[in-house]
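S.K.: The task is simple: from the sequences and hints, build the whole structure.
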Amino acid sequence: MAEIQLRNVSKRWGSFVGVDDFNLTIADEEFLVLLGPSGCGKTTTMRMIAGLEDVTEGTISIDGQVVNDLDPKDRDIAMVFQSYGLYPNMNVYENIRFPLKVRKVDADSHDERVKRAAAMVELEPFMHRKPAELSGGQRQRVALARAIVREPNVFLMDEPLSNLDAKLRVSTRAQIKNLSHELKVTTIYVTHDQIEAMTLADRVVVMKQGVVQQVGTPTEIYDRPANTFVAGFIGSPAMNLMEGTLQDGTFTGDRVSISGLNGPNGPVTLGFRAEDAHVGDDQGEISAPVYTMELLGDATMIAVRAGGAMVSVKAHKEFRAEIGDTVSLSVSPEICHLFDAQTGARIAAE
Amino acid sequence: MATPKALQQPFSLRFASASFLAFWCLIAAFPIFWIAVMSFKSPVDAFSANPLDVIFGPTTRAGGDGLSILDIAIGLAVLIAAVRLAFTRLPKWVDRLSPQGMTVIGWLVGAGAYAIGFLVVFFGILPAVLGVLNSVAGPLGAPVLGLTAEHYYSVWIENGFWRNFQNSLIVTAGVVTISLTVGTLAGYGLARSGSNLAFWILIIALIFRALPHSVLVAGYLPVFINSAEILRPILGDNAPTLYGQPLAVIAVLVAINQPFTIWMLRSFFQNIPNELDEAARVDGCTHFQAFRWVIMPVMWPGVITTGLFSFLLAYNDLLVTSLLLDAQNQTMVPAIAGYFNRETTTTDQVEAVAAAVSITAPLFLLVMIFQRQIVSGLTAGAVKG
Numbered sequence: 001m002a003e004i005q006l007r008n009v010s011k012r013w014g015s016f017v018g019v020d021d022f023n024l025t026i027a028d029e030e031f032l033v034l035l036g037p038s039g040c041g042k043t044t045t046m047r048m049i050a051g052l053e054d055v056t057e058g059t060i061s062i063d064g065q066v067v068n069d070l071d072p073k074d075r076d077i078a079m080v081f082q083s084y085g086l087y088p089n090m091n092v093y094e095n096i097r098f099p100l101k102v103r104k105v106d107a108d109s110h111d112e113r114v115k116r117a118a119a120m121v122e123l124e125p126f127m128h129r130k131p132a133e134l135s136g137g138q139r140q141r142v143a144l145a146r147a148i149v150r151e152p153n154v155f156l157m158d159e160p161l162s163n164l165d166a167k168l169r170v171s172t173r174a175q176i177k178n179l180s181h182e183l184k185v186t187t188i189y190v191t192h193d194q195i196e197a198m199t200l201a202d203r204v205v206v207m208k209q210g211v212v213q214q215v216g217t218p219t220e221i222y223d224r225p226a227n228t229f230v231a232g233f234i235g236s237p238a239m240n241l242m243e244g245t246l247q248d249g250t251f252t253g254d255r256v257s258i259s260g261l262n263g264p265n266g267p268v269t270l271g272f273r274a275e276d277a278h279v280g281d282d283q284g285e286i287s288a289p290v291y292t293m294e295l296l297g298d299a300t301m302i303a304v305r306a307g308g309a310m311v312s313v314k315a316h317k318e319f320r321a322e323i324g325d326t327v328s329l330s331v332s333p334e335i336c337h338l339f340d341a342q343t344g345a346r347i348a349a350e
Numbered sequence: 001m002a003t004p005k006a007l008q009q010p011f012s013l014r015f016a017s018a019s020f021l022a023f024w025c026l027i028a029a030f031p032i033f034w035i036a037v038m039s040f041k042s043p044v045d046a047f048s049a050n051p052l053d054v055i056f057g058p059t060t061r062a063g064g065d066g067l068s069i070l071d072i073a074i075g076l077a078v079l080i081a082a083v084r085l086a087f088t089r090l091p092k093w094v095d096r097l098s099p100q101g102m103t104v105i106g107w108l109v110g111a112g113a114y115a116i117g118f119l120v121v122f123f124g125i126l127p128a129v130l131g132v133l134n135s136v137a138g139p140l141g142a143p144v145l146g147l148t149a150e151h152y153y154s155v156w157i158e159n160g161f162w163r164n165f166q167n168s169l170i171v172t173a174g175v176v177t178i179s180l181t182v183g184t185l186a187g188y189g190l191a192r193s194g195s196n197l198a199f200w201i202l203i204i205a206l207i208f209r210a211l212p213h214s215v216l217v218a219g220y221l222p223v224f225i226n227s228a229e230i231l232r233p234i235l236g237d238n239a240p241t242l243y244g245q246p247l248a249v250i251a252v253l254v255a256i257n258q259p260f261t262i263w264m265l266r267s268f269f270q271n272i273p274n275e276l277d278e279a280a281r282v283d284g285c286t287h288f289q290a291f292r293w294v295i296m297p298v299m300w301p302g303v304i305t306t307g308l309f310s311f312l313l314a315y316n317d318l319l320v321t322s323l324l325l326d327a328q329n330q331t332m333v334p335a336i337a338g339y340f341n342r343e344t345t346t347t348d349q350v351e352a353v354a355a356a357v358s359i360t361a362p363l364f365l366l367v368m369i370f371q372r373q374i375v376s377g378l379t380a381g382a383v384k385g
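Just so you know, the protein sequences line up as chains P and Y, in that order.
FYI, the UniProt record's numbering numbers position 129 of the first sequence as 129, with every residue one higher than the one before it.
FYI, the UniProt record's numbering numbers position 266 of the second sequence as 266, with every residue one higher than the one before it.
Calculated from the structure, these hints are not laboratory results.
This structure is a prediction, so every number in the text was calculated from the model and none was measured.
A hint or two may mislead.
Which chain Y residues stay away from chain P? Per the calculated CB distances, all over 12 angstroms, these [said to hold, decoys possible]: (1) F11; (2) G63; (3) R96; (4) S98; (5) P99; (6) T148; (7) G189; (8) M296; (9) V357.
No farther apart than 30 angstroms at their CA atoms in a straight line, the calculated lysine-lysine pairs in the DSBU-like style are these [said to hold, decoys possible]: (10) P:K177 x P:K130; (11) P:K184 x Y:K92; (12) P:K101 x Y:K92; (13) P:K101 x P:K115; (14) P:K177 x P:K167; (15) P:K208 x P:K314.
For glycine and all other residues, C-beta sits at the position ideal for the given N, C-alpha and C.
M.R.: Now the structure itself:
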């Protein structure tokens, strides 16, 4: 139904660069997540696709048609806003119906379509309430229903869950995933929460300061981060990143020495994930005093200082150590990722 | 709702603040109360040295115009009932009987019908009924409070004050309509624009607001006096001069008022989140449709509040109206100033007082009607929702 192409899209305000040279093709029916810290240009990118923000350079096309100069209403999109953007003077029913009404959709079909959309997000009991009388989760569901009622070509969602409490976020997230699967509509979803990105996305675009860092499936991004920024942003906890030198396949740094690696000699950044390493016997690759220990219930997180950084490792849930005790962590070379010390880019294994 | 503990005050403090407030209200309301009392009395009573005579009006009573205790009691009861009915039942009737989407017209018709009904009952039926009752009630039916409406009659009918009222209506309606139309459009544009130009327009508006009103009047005077020459090419030889016409006053008052309405409406628009416009645009509205169908319905409290201020400015203006209007086009305020300045008898003075009381009545009514809209909290919903 709708393939979205962004070619060399840039957004500048004076000398400030919001989005820099964004290139991407979003496949039909794809669920794409734009992920990054605040101020990285992800919302700006979405607003340019929506037509709420002008494109400084480049072209955006939907289904092969360049939409740069089209009004938002002519792009056949629907958008869900972070703070809902509901019309406070209309009740839930009228809010959901509004897109049909302004677009002069055949009036006989309104009632049925509104009711169907409301049923999809379980809003039937609240049809006659005003937005002010609804809870945050209900308001967000009204916004969702308003977006789906018209069956647009593209859904745009701008951090729709960030105003909800943690529990509601999980259930609404599931609802969004289910809806997008059911409706088979191209969806672009902006978030700064990497868990949302991992759980929802077909593909994730990680952005930083207006520049795309990596595009890939959640697995790719988690397993093969393209640079230290992505490595440090994705995962909970994020990947451990240590500074050191690689000499003949052996990485050495402060309190750490890992051999059996494959890469060029010189300074590198070495990364591994907390859950891949474990607390081992005395001959571990890292040997350092415990800085802190956190009990998570299903596991125990041990943090030590090594390689110029804080390194955490997931240990068995019954593991106990005092702060200051020396522990030995075993980090096998297969779980390690090497990054260029200067650029932060991944060093591909030869 | 019980007062939270943190805000509770000791009895002595509450008593002191309540008595201070009561005292203050008394002082503030006294002049209005006093002229209201005076306006219903014959000149001898109204200017009597004894304040009790002013209140009870023995001469007026002797003249045959007075209210008995029965009159006062029943009259007050009817008044209170009418007000309560207006605030409790009337909204329900209007809601039930007005067709979908026509609530505004429903309110106009409902309020109009209610007002006519009240006037018929209070001034038509009630005096007749009381006349009969007074004659059988004995001492309770004897007049105790002198009260005559003759001054109102002579002001409104004989002196032609209704014409001034009409002119006031034209001027205020014109000023409010133009101020609000331009003000909402400009206020919306300026609130949503991030450009430097918008900032400078607002600063310039502020400078115009700071100018003394007399400067604006003086600046416009030659234009209005010579307007016949300017208009001749368009309207032909008998083109009217604008000088002396309500139109001229409307133009000047709008010029005085517009900067303020723009600033005020802009701040109301700024309280409405941008997301509302954007949601509407994405949902299929043009920019103007988004303004009309989504933003304006949320803006009513702001528009009504600003409209009320514009109304007060136009309604109470003396300087511009007295300088620019000729005698038959005068609005109420300069007309009253004229009454007070007349070479005068006490009767004229009481008539002037009656006119002064007359012009406060519409204000009172207006604030009563709209205070509910002002506090309706629609904007609060917009900010949160």
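S.K.: For each hint, tell me whether it holds in the structure or not.
M.R.: Here's how the hints hold up against the structure:
no. : hint            : result
1   : F11             : 38 angstroms, holds
2   : G63             : 56 angstroms, holds
3   : R96             : 17 angstroms, holds
4   : S98             : 17 angstroms, holds
5   : P99             : 17 angstroms, holds
6   : T148            : 49 angstroms, holds
7   : G189            : 17 angstroms, holds
8   : M296            : 9 angstroms, violated
9   : V357            : 39 angstroms, holds
10  : P:K177 x P:K130 : 27 angstroms, holds
11  : P:K184 x Y:K92  : 47 angstroms, violated
12  : P:K101 x Y:K92  : 28 angstroms, holds
13  : P:K101 x P:K115 : 15 angstroms, holds
14  : P:K177 x P:K167 : 16 angstroms, holds
15  : P:K208 x P:K314 : 28 angstroms, holds
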